[in-house]
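Sequences listed follow chains A and B, in order. Take the first sequence: its position 258, counted from the start at 1, is 257 in numbering that gives the first Met the number 0, and no numbers get skipped. Take the second sequence: its position 206, counted from the start at 1, is 205 in numbering that gives the first Met the number 0, and no numbers get skipped.
Treat the hints with caution; some may be incorrect.
Given that identical chains are not distinguished, each listed pair holds provided it fits within a single copy or across any two copies.
Said to hold, decoys possible - Each computed BS3-like pair below joins lysine-lysine, with the alpha-carbon atoms no more than 27 Å apart:
1. Lys278 <-> Lys294
2. Lys126 <-> Lys278
3. Lys199 <-> Lys281
4. Lys199 <-> Lys278
5. Lys70 <-> Lys278
6. Lys281 <-> Lys70
7. Lys278 <-> Lys263
8. Lys278 <-> Lys181
9. Lys179 <-> Lys263
10. Lys199 <-> Lys318
11. Lys263 <-> Lys281
12. Lys126 <-> Lys281
13. Lys199 <-> Lys294
14. Lys179 <-> Lys294
15. Lys281 <-> Lys318
16. Lys294 <-> Lys70
17. Lys318 <-> Lys263
18. Lys268 <-> Lys126
19. Lys318 <-> Lys179
20. Lys181 <-> Lys263
It should be emphasised that the hints constitute simulated quantities derived from the structure, not laboratory data.
Protein chains: 2
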Amino acid sequence: MKNIVLLIIFTMMSLSFSGCRQTEPREEWAIVLHGGAGSARSMAPEVRDNYLNLLDQALEVGTRMLQNGEKALDVATRVVVWLEDCPSFNAGKGAVVTSDGIHELDAAVMDGSNLMAGAVAGVRDIKNPILAARHVMEDSPHVLLIGEGASSFAQSMGLPPVDNSYFSTPERLEQIRRIKMKKEDPDPKGTVGCVVLDSKGNLAAATSTGGMSGKRWGRVGDVPVIGAGTYANNATVAVSGTGHGELWIRRCVAFDISALMDYKGMTVKEAAREVILGKIDKMEGSGGGVICVDKNGNIAMEFNTGMMFRAWATASGQKGTAIE
Amino acid sequence: MKNIVLLIIFTMMSLSFSGCRQTEPREEWAIVLHGGAGSARSMAPEVRDNYLNLLDQALEVGTRMLQNGEKALDVATRVVVWLEDCPSFNAGKGAVVTSDGIHELDAAVMDGSNLMAGAVAGVRDIKNPILAARHVMEDSPHVLLIGEGASSFAQSMGLPPVDNSYFSTPERLEQIRRIKMKKEDPDPKGTVGCVVLDSKGNLAAATSTGGMSGKRWGRVGDVPVIGAGTYANNATVAVSGTGHGELWIRRCVAFDISALMDYKGMTVKEAAREVILGKIDKMEGSGGGVICVDKNGNIAMEFNTGMMFRAWATASGQKGTAIE
Chain A
0 MKNIVLLIIF
10 TMMSLSFSGC
20 RQTEPREEWA
30 IVLHGGAGSA
40 RSMAPEVRDN
50 YLNLLDQALE
60 VGTRMLQNGE
70 KALDVATRVV
80 VWLEDCPSFN
90 AGKGAVVTSD
100 GIHELDAAVM
110 DGSNLMAGAV
120 AGVRDIKNPI
130 LAARHVMEDS
140 PHVLLIGEGA
150 SSFAQSMGLP
160 PVDNSYFSTP
170 ERLEQIRRIK
180 MKKEDPDPKG
190 TVGCVVLDSK
200 GNLAAATSTG
210 GMSGKRWGRV
220 GDVPVIGAGT
230 YANNATVAVS
240 GTGHGELWIR
250 RCVAFDISAL
260 MDYKGMTVKE
270 AAREVILGKI
280 DKMEGSGGGV
290 ICVDKNGNIA
300 MEFNTGMMFR
310 AWATASGQKG
320 TAIE
Chain B
0 MKNIVLLIIF
10 TMMSLSFSGC
20 RQTEPREEWA
30 IVLHGGAGSA
40 RSMAPEVRDN
50 YLNLLDQALE
60 VGTRMLQNGE
70 KALDVATRVV
80 VWLEDCPSFN
90 AGKGAVVTSD
100 GIHELDAAVM
110 DGSNLMAGAV
120 AGVRDIKNPI
130 LAARHVMEDS
140 PHVLLIGEGA
150 SSFAQSMGLP
160 PVDNSYFSTP
170 ERLEQIRRIK
180 MKKEDPDPKG
190 TVGCVVLDSK
200 GNLAAATSTG
210 GMSGKRWGRV
220 GDVPVIGAGT
230 YANNATVAVS
240 GTGHGELWIR
250 RCVAFDISAL
260 MDYKGMTVKE
270 AAREVILGKI
280 DKMEGSGGGV
290 ICVDKNGNIA
300 MEFNTGMMFR
310 AWATASGQKG
320 TAIE
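Whenever a hint applies, use it, and build me the whole structure from the sequences.
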């Protein structure tokens, strides 16, 4: 009888504590960045090496800032500016081309310390859309500005306009030519993003994109939709997505990861897997991925595609770059 | 000893079922609509009566359709078209004016049966933005189209363009004049929306707005942001928001209500109160409200402002209109 009572008490304790996980020790800082997700394709070794090298350079920019004690929001913004300026990624210089032959860019940033957020969508003449998003967050009462209204605001904040052709690269022009000739499918998955935990415990997320190649004029994906492609909350996690934006919006991907951690006690890895593999995978569409860093510096990089360009580093010495 | 074992077993059962609430019997159908929230202000009795009468007329449109077995998505869309066409609400005809003296409209619709969604933002020449949002959902691979790209798409779907002045009313032109003379504050809270459960168990949400009066050119609020001002999921709830859109976006209000029900077992009333009173109320800003109907036909109408124009009805005979 005593054994039965003990067994029951033990079972009760298991039940009571099942929602409560042991937290890993907090990292002093952590950073993850991505340069988009996509179907596995064969890349020439020198192209692959070049991408890994670029990811490493972007990581180095962020890592150095974090070692100098700079804050998460500044690090995430700066790394995304670097990726926007790099013509090899689909954001800023090197953005994809719409079906009408122009570039329309989206970006968002969120500060986990106060849930402030800023975003721009459908802008055509702002060199670094992430800086415009940052101004929306810090210098306007709004969260989301679109189109020419966003450009006009960015210029009033001192961001000089660039000609739309600034964003073009020979590769992107060739890509839209092939899409129009039906030799290539529109690719919804290129994006750049960065999530950061700084040594003060603040989280931030920043994401920027040229959107879906060959997209319809005026189409906006998940990136500037807070809670879909971008989210940060010091209480839980910072998330930046890259994928088939329409699915990310319909599933509120970034906020859902935070909600699963907050309300169901999942770890960041469990929550990211649940959303990307358990929910997105069950919908039609071509998928993508997320990068996440939680309030304790734990990292998750989950994708349901063949590859996601990514890099990560933590104060404790974890560091890497990967594609597949 | 036997008593102790029974007590322990009883305690275990309580623990196991604590996340599981008794559900009220499912209503055959239920509908809630809103015409915006705002600070309590003294209204002339005839103005107040007129609003209650308009809310009742809109409710009648939806109720009749539900009694005829029409589906949630069609009912929510039709009711919002009615409210857009009514010049007394801030959506469609009667929309507020931006700081630049024009009308820019946002709308979104979501089908809880398949998580399909459509939205338009910053459109200036679509008579019924909710119909454009519906076309985005059903006739494009996208979720969100903005500005002239959205208008171009809407026209290609057979929605004829209207001149921007169609949306103007003498009251809105007087309002922006007073805002510019600093005699009145910009008001972020007018919106219309409708949430519906149909007799097949399908949920739908539709929301439409002229946005914040005196808003900056290009500003987009929560309405077309899926998960912020509009959300529907047959597994949980349909939500339509009206409020200070920036707060609704930063808090992912509509999806959070669904997540609290799904992951924490809250009732729709508990979840709506937690988000509107427990979370939004703690942020700066002027608030607003939400209308919700869950998968069992339970209704919640929560607001942290002095008033929210609203009406509701269920198959079991609940019916009403209210402002305060």
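Hints and how they fare:
Taking the shortest alpha-carbon separations for lysine 278 and lysine 294, both the intra-copy value of 24 Å and the inter-copy value of 20 Å come in at or below 27 Å. When the C-alpha separation of lysine 126 and lysine 278 is checked against a cutoff of 27 Å, the pair qualifies neither within a copy, at 35 Å, nor between copies, at 36 Å. For the homomeric pair lysine 199 and lysine 281, the shortest alpha-carbon distance between copies (23 Å) is at most 27 Å, but the shortest distance inside one copy (38 Å) is not. Only between protomers do lysine 199 and lysine 278 lie at most 27 Å apart by alpha-carbon distance; the minimum there is 24 Å, versus 33 Å within a single protomer.
Only between protomers do lysine 70 and lysine 278 lie at most 27 Å apart by alpha-carbon distance; the minimum there is 26 Å, versus 33 Å within a single protomer. In this assembly of identical chains, lysine 281 and lysine 70 lie within 27 Å of each other by CA distance solely across copies; the values are 25 Å between and 37 Å within a copy. Taking the shortest alpha-carbon separations for lysine 278 and lysine 263, both the intra-copy value of 16 Å and the inter-copy value of 18 Å come in at or below 27 Å. When the C-alpha separation of lysine 278 and lysine 181 is checked against a cutoff of 27 Å, the pair qualifies neither within a copy, at 30 Å, nor between copies, at 49 Å.
Within a single copy, lysine 179 and lysine 263 get their C-alpha atoms no closer than 46 Å, and across copies no closer than 48 Å, so neither meets the 27 Å cut-off. Taking the closest pair of Cα atoms, lysine 199 and lysine 318 come within 27 Å of each other only inside a single copy of the chain (20 Å); across copies the shortest separation is 53 Å, beyond that limit. Taking the shortest alpha-carbon separations for lysine 263 and lysine 281, both the intra-copy value of 21 Å and the inter-copy value of 23 Å come in at or below 27 Å. For the homomeric pair lysine 126 and lysine 281, neither the shortest alpha-carbon distance inside one copy (37 Å) nor that between copies (36 Å) is at most 27 Å.
Taking the shortest Cα distances, lysine 199 and lysine 294 sit within 27 Å of each other inside one copy (10 Å), while across copies they are farther apart (43 Å). In this assembly of identical chains, the alpha carbons of lysine 179 and lysine 294 never lie at most 27 Å apart, being 45 Å within a copy and 44 Å across copies at closest. For a Cα distance limit of 27 Å, the shortest separation of lysine 281 from lysine 318 qualifies neither inside one copy, at 32 Å, nor across copies, at 39 Å. Taking the shortest Cα distances, lysine 294 and lysine 70 sit within 27 Å of each other inside one copy (14 Å), while across copies they are farther apart (44 Å).
For the identical chains of this complex, lysine 318 and lysine 263 are neighbours neither inside a copy (29 Å) nor across copies (36 Å), given an alpha-carbon limit of 27 Å. When the C-alpha separation of lysine 268 and lysine 126 is checked against a cutoff of 27 Å, the pair qualifies neither within a copy, at 34 Å, nor between copies, at 46 Å. In this homomeric assembly, lysine 318 and lysine 179 never come within 27 Å of each other (Cα to Cα): the closest approach is 40 Å inside a single copy and 54 Å across copies. Neither within a single protomer nor between protomers do lysine 181 and lysine 263 lie at most 27 Å apart by alpha-carbon distance, with minima of 45 Å and 47 Å respectively.
Of the numbered hints given earlier, the model fails hints 2, 8, 9, 12, 14, 15, 17, 18, 19 and 20; all others are met.
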